[in-house]
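There are 2 protein chains.
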Amino acid sequence: MKPGLLVVVSGPAGVGKGCIVRKAMETMNCIVLSISATSRPPRPNEIEGVNYFFKTREQFEEMINNNKLIEWVEYCGNYYGTPKDFVLSEIEKGNVVILEIEVEGALNVRKMFPDCVLCFIIPPDFQELENRLRGRATENEEAIQRRLKRAKEEFSLIEKYDYVILNDTLEKAVSRFTSIVEAERMKTRRNNEIIEKFKNI
Amino acid sequence: MKPGLLVVVSGPAGVGKGCIVRKAMETMNCIVLSISATSRPPRPNEIEGVNYFFKTREQFEEMINNNKLIEWVEYCGNYYGTPKDFVLSEIEKGNVVILEIEVEGALNVRKMFPDCVLCFIIPPDFQELENRLRGRATENEEAIQRRLKRAKEEFSLIEKYDYVILNDTLEKAVSRFTSIVEAERMKTRRNNEIIEKFKNI
Numbered sequence: 011m012k013p014g015l016l017v018v019v020s021g022p023a024g025v026g027k028g029c030i031v032r033k034a035m036e037t038m039n040c041i042v043l044s045i046s047a048t049s050r051p052p053r054p055n056e057i058e059g060v061n062y063f064f065k066t067r068e069q070f071e072e073m074i075n076n077n078k079l080i081e082w083v084e085y086c087g088n089y090y091g092t093p094k095d096f097v098l099s100e101i102e103k104g105n106v107v108i109l110e111i112e113v114e115g116a117l118n119v120r121k122m123f124p125d126c127v128l129c130f131i132i133p134p135d136f137q138e139l140e141n142r143l144r145g146r147a148t149e150n151e152e153a154i155q156r157r158l159k160r161a162k163e164e165f166s167l168i169e170k171y172d173y174v175i176l177n178d179t180l181e182k183a184v185s186r187f188t189s190i191v192e193a194e195r196m197k198t199r200r201n202n203e204i205i206e207k208f209k210n211i
Numbered sequence: 011m012k013p014g015l016l017v018v019v020s021g022p023a024g025v026g027k028g029c030i031v032r033k034a035m036e037t038m039n040c041i042v043l044s045i046s047a048t049s050r051p052p053r054p055n056e057i058e059g060v061n062y063f064f065k066t067r068e069q070f071e072e073m074i075n076n077n078k079l080i081e082w083v084e085y086c087g088n089y090y091g092t093p094k095d096f097v098l099s100e101i102e103k104g105n106v107v108i109l110e111i112e113v114e115g116a117l118n119v120r121k122m123f124p125d126c127v128l129c130f131i132i133p134p135d136f137q138e139l140e141n142r143l144r145g146r147a148t149e150n151e152e153a154i155q156r157r158l159k160r161a162k163e164e165f166s167l168i169e170k171y172d173y174v175i176l177n178d179t180l181e182k183a184v185s186r187f188t189s190i191v192e193a194e195r196m197k198t199r200r201n202n203e204i205i206e207k208f209k210n211i
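Each protein sequence line maps, in turn, to chains A and B.
For what it's worth, the working numbering labels the leading residue of the first sequence as 11, then goes sequentially.
For what it's worth, the working numbering labels the leading residue of the second sequence as 11, then goes sequentially.
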C-alpha cells in the first residue's frame, strides 16, 4: 500500500520550499528529489547528478526532441528541465518524487502527469515574505523588488494547485507537507491492487 | 485556514472504526462525532444527545418529510438517520464532523454533500477480521458469519470511497486518518478566503 507519487512544490522565493522538502526527506525515506537537467555550465562546488545533470545545448535539445523531459524552459539563455526517466523509475519503485519548480512549469507537469499532486507554499503574510528575502542579505534592492513582483504573479495562480500549505513555522509546515503525501498515497485510485484483493475475497 | 469538513468513515464490523475515530478525537480537538437520530427506544445506560437523539416514529417521519436528515434507513422496524442541522452548524464553526455509517448510507451522503470525504477502513487481511470478530466473543457463530458476508458486500464498493485506510496497528491507523483530515483541510478549493487575500496583495 505504498504507491509512487509525483509531487510538485511551488511558492515564492524565500517562502522556505527547500527547507520544508529537505526536512520532509528526513522523516519519510520514500521521498526523493528530482534532479533537473541544465545547459548552464556547472558553478564551482556544483556536482553532476547531485545539483544538476549538466548537458551541452545540443544534448539538451536532443532530450527535448526525443520527449525525454517532463517540462523545460529556456531562461537567460540556458535550458532547464526535468528528465522523465528518473521520475518514472522512482514512481515505479513506489517512491515519492518531489519537483521544486515555478508555477508555469508546474502547470505543464500537470498536463503531462494529470495524476501528480500540486502543492503551493504560502508565507503567513506578504510582509513576512519581504522580511525573509531581506534577511537573506544576498541580493540587492532591485533583485528583491523583482522577486516580490514575481511572487504576486505566482499568487494569482494558486487556485490551479491542489493544496495550499502555510509555512508559519518550519516544523508545522513539514508536518502539513508529509500529511498530504501520506493522504495522497491512501487515495483509493492509487491502490487498485489492494482493492482488487479485498473485492475478490 | 481551518475549514470545516464532513468525513464519512466506513468499514466492516470489527475493523476498528470506533477506536480510530475516538483516538483521533483525542489528538485533534476540531473533530466532533455526528450523533444519529433513531426511533428505537433507549437501552439502559444510553443517554439522549450522547448515544442518540431519541425520537418517536412520528417525530422521525416529520424529520424525513421536512428534509432534516442527511441520510436515513429503516432497519429491523426502527428508523436511523443523521440530523442535518448539527452537521451544518459544526462545519460552519470550522469543525470536522465524523459520520460512522455503512456503505449505502455513505454513498447517499456523497449525493447530498458532494464535498464530503469518504474513508474506508480495511483490516490487514480477511482472516484478521474474522479473528477480531471472534475475539469479541459477544456474538454467536451465525451472527459472525452474517457479518463476514456483509463485509464482503461492503468491500465491493471500496472504489466509491476517496481513501482506503489500513488498520494494522491502531496507532498507525489513527495517524493515517488524521493525515487525511489535515490534508483535506489544505485543499485549495476549501481555502478561498486565504487565496483571495494573497491574490489581492
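Derived from the structure by calculation, the hints contain no laboratory data.
Beta carbons: idealized from backbone N, C-alpha and C, even for Gly.
Where hints are given, some of them may not hold.
Unchecked claim - Stretches of chain B that chain A covers, calculated by requiring three or more beta carbons in the stretch to come under 8 angstroms of a beta carbon on chain A: (1) 50-63; (2) 127-139; (3) 161-169.
- Task: Of all the hints given earlier, name the ones this structure violates by number, lowest first.
- Result: 1
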